[in-house]
Amino acid sequence: MAYHRKNHFKVYQVKDKFFLKAKEEGYRARSAYKLKEILEKFKIISTGFNVLDLGSAPGSFLQVISRIVGPSGKVIGIDLKKIEPFSGKEALKNITTYTGDVFDVNYLNQILGTQKFDTVTSDLMPNTTGIKFLDHDNSVDLNIAALKITRRHLKRGGSALFKIFNSNELRRFLFDAKKIFKDVKSIKPAAVRATSKEIYIVCIGYLGSSTYTCK
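If you count by numbering that gives the first Met the number 0, then the sequence shown holds residues 0 to 214, one letter each, in order.
Among the hints, a few may not be true.
[Said to hold, decoys possible] Computed Cβ-Cβ distance ranges for the label pairs, DEER-style: (1) E23 - K187: 16 to 26 Å; (2) S86 - D182: 35 to 45 Å; (3) N105 - F174: 25 to 35 Å; (4) E39 - T128: 15 to 25 Å; (5) P70 - T113: 17 to 27 Å.
[As the list claims (entries may be wrong)] Calculated pairs, SDA-like style, for lysine to any residue (alpha carbon to alpha carbon, straight line, at most 20 Å): (6) K187 - L206; (7) K35 - A189; (8) K73 - K154; (9) K35 - V183; (10) K73 - R151; (11) K92 - T46; (12) K81 - Y106; (13) K177 - K187; (14) K196 - R151; (15) K92 - Y106; (16) K177 - N165; (17) K115 - G47; (18) K115 - T127; (19) K147 - Y106; (20) K177 - I43; (21) K42 - K73; (22) K80 - A144; (23) K115 - I67; (24) K181 - K196; (25) K16 - I43; (26) K147 - L206; (27) K80 - N137.
Hints are computed from structural coordinates only; laboratory data are not their basis.
Since this is a predicted model, take the numbers as computed values, not measurements.
Glycine residues also receive a C-beta, built at the ideal position from the N, C-alpha and C atoms.
All chains should be built: construct the whole structure from the sequences, respecting the hints.
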């Protein structure tokens, strides 16, 4: 059965226009087009920005962000999985990547120190179990961890982006996000499959780390 499901996924990929477009345009994953659509609607990344990207592998968000911020900006990517270096035609010198866990506060402090970023993006998603309530709960926990990192490293007035499952558990995350940002909006980009419960939360106008402590 696992073999059948794997083949079904491969067939779906072949038919998927965003998968094909990513291959043609040199992006590592179709998620590049999710971010592109979001950034067209919400101008949360600009030339010269310093950006922190969580859940970066395989690197499509990094590619999009790198090209926007340009040589005067930088982007740091972190993921549990190793992010393959950008080389050859796709060499992007303003990218630095690390392999690590967003729950490992000591490691994050070691690599990030006291750095502050103009924007934080997160494409984090837990390994799914097939048990919906558990997957949704894990998604919220992961995003609350990302929100805590954001509180430590986002500049006042900055913006953040989070991927999360749209479920009843979402309100737990939104409660915290709305306490520390002026404006919080949701968006489901066209590149997100219609059957998927994932959405993105756009947070604008960070109020500062002393305003509220995430639970």
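Hints versus structure:
Range check, E23 to K187: about 24 Å between beta-carbon atoms, so the 16 to 26 Å window is met. For the pair S86 and D182, the beta carbons lie near 39 Å from each other, so the given range of 35 to 45 Å is met. In this structure the supplied range 25 to 35 Å holds for N105 paired with F174, their Cβ-Cβ distance being about 27 Å. Between E39 and T128 the Cβ separation comes to about 34 Å, which falls outside the hinted range of 15 to 25 Å.
The hinted range of 17 to 27 Å is satisfied by P70 and T113, whose Cβ atoms lie roughly 24 Å apart. Distance restraint check for K187 and L206: the Cα-Cα separation of roughly 25 Å exceeds the 20 Å cut-off, and the hinted pair is therefore not satisfied. Distance check on the hinted pair: K35 and A189 sit about 10 Å apart at the alpha-carbon level, within 20 Å; holds. Proximity of K73 to K154 is assessed by CA-CA distance (about 15 Å); at most 20 Å being required, the pair is judged to hold.
About 19 Å separates the Cα atoms of K35 and V183, which keeps this hinted pair within 20 Å; it holds. Simply put, K73 and R151 have alpha-carbon atoms about 18 Å apart, close enough for the 20 Å limit, and the pair holds. Taken as a hint, the K92 and T46 pair is honoured in the structure, with Cα atoms around 15 Å apart against an allowance of 20 Å. Only pairs whose Cα atoms come within 20 Å are accepted, and K81 paired with Y106 is accepted, the gap being roughly 15 Å.
Simply put, K177 and K187 have alpha-carbon atoms about 19 Å apart, close enough for the 20 Å limit, and the pair holds. For the hint pairing K196 with R151, the CA-to-CA distance comes to about 29 Å; that exceeds 20 Å, so the pair is violated. With a C-alpha separation of about 23 Å, the suggested pair K92 and Y106 falls outside the 20 Å cut-off, and the hint is violated. A C-alpha spacing of about 16 Å is found between K177 and N165, which places the hinted pair at or below 20 Å, so the restraint holds.
The straight-line distance between the Cα atoms of K115 and G47 is roughly 14 Å, inside the 20 Å bound, and the hint therefore holds. The straight-line distance between the Cα atoms of K115 and T127 is roughly 32 Å, outside the 20 Å bound, and the hint therefore fails. Between K147 and Y106 the CA atoms are separated by roughly 14 Å; this keeps the pair inside 20 Å, and the hint holds. The straight-line distance between the Cα atoms of K177 and I43 is roughly 17 Å, inside the 20 Å bound, and the hint therefore holds.
A C-alpha spacing of about 17 Å is found between K42 and K73, which places the hinted pair at or below 20 Å, so the restraint holds. Straight-line distance between C-alpha atoms of K80 and A144 comes to about 17 Å, which keeps the hinted pair within the 20 Å bound. For a cut-off of 20 Å, the pair hint linking K115 to I67 stands: about 18 Å separates their Cα positions. Distance check on the hinted pair: K181 and K196 sit about 25 Å apart at the alpha-carbon level, beyond 20 Å; violated.
Distance check on the hinted pair: K16 and I43 sit about 26 Å apart at the alpha-carbon level, beyond 20 Å; violated. For a cut-off of 20 Å, the pair hint linking K147 to L206 stands: about 14 Å separates their Cα positions. Between the alpha carbons of K80 and N137 the distance comes to roughly 18 Å, so the proposed pair stays at or under 20 Å and holds.
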